[in-house]
Amino acid sequence: MHLLSVLLCSVAVVFGIAASNPSKPQPILIAGTYTRDMGWINGTGEGIYTYKIMDDGSLIKLAVTVLGSNPMYVQGTNKKFNTGKKVIYAVNSIDDVVPKEPGKVTGYVSALSLNGDGTLKLLNTLPTRGGSPTHISLNSAETFVVVSNYAGSVTMFPIHPDGSLGKETYHEEFLKGSKVVKDRQDRGHIHSSTWLLNSDHVILANLGSDELIEYKLKPKKQTLKRIEAVKNSHGAGPRHMALHPNGKIAYVVNELSNTVSVYKISDHNEAPKMSKKALQEITTLPSTFTGFSTSADIHLSSNGKFLYTSNRGHDSIAIFKIEIDGTLVSIGWEKTRGTGPRGFVITGNYLIVANQNSNDMFVFKLDCETGLLSFTGNKYEIGTAVCLYVTDMRLASVSICLVAVVAIAAAATRQSTTQSILFVATSTKETTNGINTFKLNTADGSLVPYGITPLAFAEKGLNPTYVQGSTKKFSKGERVIYALNRGSTTGHVSAMTLQSDGTLKVLNSQQMKGGSPAHLALSPREDFVSVANYVGSLSLFPLNADGSVGAQTFYQNFPVGSKVVMDQQAIGHIHSTAWLFNSSKIIAADLGGDELLLYKLDKTKKTLDSLKTVKSSPGSGPRHMAIHPNGGFVYVTNELSNTVSVYTINDDAEFLSSPALQEITTLPPGFTNTNSAADIHFSSNGKFVYVSNRGDNSIVAYKVNADGTLKALRWTKSRGVTPRSFIIYKDWLIVGNEGSNDMYVFKVDGATGALEYTGNSYAIDGPVSFYVAEY
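Sequence positions in the sequence shown follow mature numbering (1 follows the signal peptide of the UniProt record, and there is no 0) and run -19 to -1, 1 to 756.
Hint data in this document are derived by calculation from the structure and do not stem from the laboratory.
Since we're looking at a predicted model, the values are computed, not measured.
The beta-carbon is built from N, C-alpha and C at its ideal position, and this holds for glycine as well.
Heads up, a few of these hints could be off.
[Unchecked claim] The calculated lysine to aspartate or glutamate pairs, modelled on DMTMM-like cross-linking and capped at a C-alpha distance of 20 Å, are:
hint, residue 1, residue 2
1, K728, D425
2, K206, D181
3, K587, D508
4, K587, E459
5, K85, D181
6, K457, E507
7, K33, D425
[To be verified] Computed beta-carbon distance windows for the label pairs:
hint, residue 1, residue 2, range
8, T150, K711, 45 to 51 Å
9, P142, T399, 42 to 48 Å
10, D583, D37, 22 to 28 Å
11, D527, T594, 35 to 41 Å
12, G97, K486, 47 to 53 Å
13, P142, G358, 41 to 47 Å
14, K728, P142, 52 to 58 Å
15, D548, A732, 43 to 49 Å
16, D36, D688, 30 to 36 Å
17, K711, T271, 30 to 36 Å
Kindly produce the complete structure, drawing on both the sequences and the hints.
The structure is reproduced here in structure tokens:
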């Protein structure tokens, strides 16, 4: 699927172009397969399969086109040719001996016209002049086809007016490999080619030499001119590439190292050029995975907010959030429910994955707001499917995640129309205060007061102690904000929506059995809210379709503490909960009992099942938690011992290692006064961890090492007293000093982790919790 397809569909919605015309065809899924025994895999496919994609993500099989052996990769045109039809191109990934050329082998590339009923008609077939062709790309004008031959060459063909292929006009072989990974890098292995957006430049991914090689198309001469080669990490094995919709960032999935490399694309003498050094290289696998796996395919969500890669071995789709600078943050993994997920495609808000080794396809719903995947229940048998492609995508059939892709196409530098809103819960009994909202300027970190919602929003409520929000929109099309109100014996959790004046409208409030609620967390699917009650209990509430809070369905009391630090550990004190990414597992931090309590959500019974208890250091007082972006580690601030404990998250049922991997102080050398550690967060790029110190009145910054351990870098004064809570959003750290009733904004240096005061400070009574959302 080309970006143009998404843009045209997006324009259709924005301007109402026949968006609801039922006569429009549904999108067509085209799947290429292996059809014969290759030694390393026994191909059981029958050819090229076509399916109709229905509104609910289900597939209706239309036809199977027999096209020789192993028609495993398919790609098509957006335009129609002089026949009035679109054309699909497919390669036969074989190694036929070339007559009269000893030692030479070739595969084949074919052009097929696509009929309205999903059948394919062969136009012509040509040899690729290289063995094991594995990928096809078309230039933006759709006048040339480039075929990547895995055996170590690239071949280009012109496209005739009817869509058929002319004789090759360019061919190049790549004999040298990096020889880092034996048997895979003995010579060049061209695995794919990617055309830069709105450009005549194409980049080849040479898996065998660890290179990304840029060329410029010379259309009159019908040839390619080599520009330069960019070296990837040794032994990485670059395989496929995906481009950000703004055309300024390239994402390369590395098959052998199971990583994604992020590169900048800049304008150099009015021509696009890749940066010679990657901005980032991030793993596609959980840190706890120790088996064999290789990365395969890579695609962005339709709205450009998330990136996905397939893992063959871990048998999963890795999910990444795309930061404003183009770098990636890992947010989870979704098992593909089969083995060997090689190719997948994203069409609107569905992700369809082909499990090559288990001979099946599964359809997942893609949440446009969170990026998470949920299985639709749609599963299909198909023999050794390799590549998936979608054409004729129409909004009458499949809803599209719409954002600024249209705006990006019109002007890549146009700013987003969304507004960042900061929500602040204030620990105050003043009846005119409560939840404060501010407009956050992400260009300079400044705040503009927006609205105040008084304490009266929850009956009998005192002191709004915590605020958090949903990333998804519920049945009424609105995101929902959740806040806790504190009472000595009971508390309330409230659901609210943001109004145009910056105030919050209450949907409903629910009372919990526990007193002094201190923290809430939404489950990854945002269908439950867990509440940590400081007066010794844990509560769970289901969320209704409109985002309102259902009645409490789980409650557990913790009457016994560790009694190491009296009076704070006389009984249990549940201070926070943290859900594992894309998981039903949750951790509760018991400050009073020096324990981390592990549970698993039972969605049917709407309860939490206890799995295991992990003991923290005696007298440590675990308070808040932050999970590493790769999902492999959890970092716990210990309020009483002023330390951070690092734990490994495993794939097994109990999922948390014991004892801690590391315990490191939050205080600077020589500090001897009273202090208590409080909040903890990651930088946006996942390279640094920050913790607030109430007493030292500072934020400590740690570097996150490759093994997940921490190294203290520096302490930055919060410029006020008792920094209880803070938040990091994009490049900004906003800290609330509860004791001095103020907030300060710092700039986060993504390269060093250093904090620099911006000059932005604001008076506010008792800030205790922060949340930022885009509206």
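Consistency of the hints with the structure:
no.	hint	result
1	K728 with D425	holds (9 Å)
2	K206 with D181	holds (11 Å)
3	K587 with D508	holds (10 Å)
4	K587 with E459	violated (24 Å)
5	K85 with D181	violated (30 Å)
6	K457 with E507	holds (15 Å)
7	K33 with D425	violated (48 Å)
8	T150 with K711: 45 to 51 Å	holds (47 Å)
9	P142 with T399: 42 to 48 Å	holds (44 Å)
10	D583 with D37: 22 to 28 Å	holds (27 Å)
11	D527 with T594: 35 to 41 Å	holds (36 Å)
12	G97 with K486: 47 to 53 Å	holds (49 Å)
13	P142 with G358: 41 to 47 Å	holds (44 Å)
14	K728 with P142: 52 to 58 Å	holds (56 Å)
15	D548 with A732: 43 to 49 Å	holds (44 Å)
16	D36 with D688: 30 to 36 Å	violated (47 Å)
17	K711 with T271: 30 to 36 Å	holds (34 Å)
Checked against the numbered hints given earlier, this structure breaks hints 4, 5, 7, 16; the rest are met.
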